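For the protein sequence lines, the chains are A and B, in the order given.
Residue numbers for the first sequence follow the numbering used here, so the first one is 958 and each next one is one higher.
Residue numbers for the second sequence follow the numbering used here, so the first one is 958 and each next one is one higher.
If you're looking for bench data, these hints aren't it; they were derived computationally from the structure.
None of the values given here were measured: they were computed from a predicted structure.
Any given hint might turn out to be false.
What the hints assert, rightly or not - Cut-off 20 angstroms, straight-line C-alpha distance, at most; resulting in silico cross-link-like pairs (DMTMM-like, lysine to aspartate or glutamate):
id : chain 1 : residue 1 : chain 2 : residue 2
1  : A       : LYS1009   : A       : GLU1033
2  : A       : LYS979    : A       : ASP1013
3  : A       : LYS1009   : B       : GLU1033
4  : B       : LYS979    : B       : GLU1047
5  : B       : LYS1009   : A       : GLU1033
6  : A       : LYS979    : A       : GLU1055
There are 2 protein chains.
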Amino acid sequence: MMEEGTEAVRQANDAFYLAFEKRDVAQMEALWRPDDNIICIHPGWLPRMGQKQVRDGWEAIFNHVTRVAFSVCVMEITIVGDFARAVCREHIVSSHGEATTIATHLFERHDGRWLLVHRHSSPLLTDADPAADNALPMLQGSP
Amino acid sequence: MMEEGTEAVRQANDAFYLAFEKRDVAQMEALWRPDDNIICIHPGWLPRMGQKQVRDGWEAIFNHVTRVAFSVCVMEITIVGDFARAVCREHIVSSHGEATTIATHLFERHDGRWLLVHRHSSPLLTDADPAADNALPMLQGSP
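Just chain A, same shape as in the assembly (with noise of 0.2 angstroms):
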């Protein structure tokens, strides 16, 4: 059985899933934490640093797909005190094409509630399989 604490980020990840199929930028806003060390990197961007620049790179986003949807699983969560860190793979369909990416989430917990500090999202290569000697995709130049 799952323990009560570690519902309570699974529940706060999910929410982020569901700001992001709605295209709402308010909804995702109010799932960070609302200061400028709040840190978020899409897939193949430079890191969007501080309320304003996370949230303009979600308008970006919001404004130039029609629809999108996730599968999420989540790989792992981990909590320390206030601090807690999930682990998903994501598989994104949307009007633009689909993806697989794996994502860290970094929360805190602020009165009782834990809002998003952190989003690291990449591609996942399918064809990087850490099992294989050869799964280097790192070394051979940016894609």
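Since the structure of chain A is provided, determine the placement of chain B on it from the hints.
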């Protein structure tokens, strides 16, 4: 002037790249918290979880490059209590080619020493200008 705490995290971060450049598994492993709650996400790979998977990943990489050198820009360091986050832009030149990557590093302080607990590194797509409206590589399928 940089506060002393930040400098200690920077040194731990530097030590990571030195161990990587030396391709020394033991030196690398000594920089990580020695337990099964560590995660390392190499560019394009599935997350490697726990001490054994993380070490095996480094062995696979170090066995397949004959030289590797980093130019690293530390973009951000945040410390909250015994937790620290560093975000780095990495340029890698190796016997297998060149790549520019963005990394999230998470550290925990144990007995006064900052140990890695999480690394997520992924390719920076140079044509993905986050200021551009059409910078949506995440929605255009995995490279």
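So, going through the hints one by one against the coordinates:
For the suggested pair LYS1009/A and GLU1033/A, the alpha carbons sit about 29 angstroms apart, so the restraint of at most 20 angstroms is broken. A distance of roughly 16 angstroms separates the Cα atoms of LYS979/A and ASP1013/A; the hinted pair therefore holds under the 20 angstroms criterion. Between LYS1009/A and GLU1033/B the alpha-carbon distance is near 16 angstroms, which keeps this suggested pair within the 20 angstroms criterion. Proposed proximity of LYS979/B and GLU1047/B is supported: the alpha carbons are some 16 angstroms apart, at most 20 angstroms.
Of the supplied pair hints, the one linking LYS1009/B and GLU1033/A holds, its CA atoms being roughly 16 angstroms apart against a limit of 20 angstroms. Between LYS979/A and GLU1055/A the CA atoms are separated by roughly 17 angstroms; this keeps the pair inside 20 angstroms, and the hint holds.
Checked against the numbered hints given earlier, this structure breaks only hint 1.
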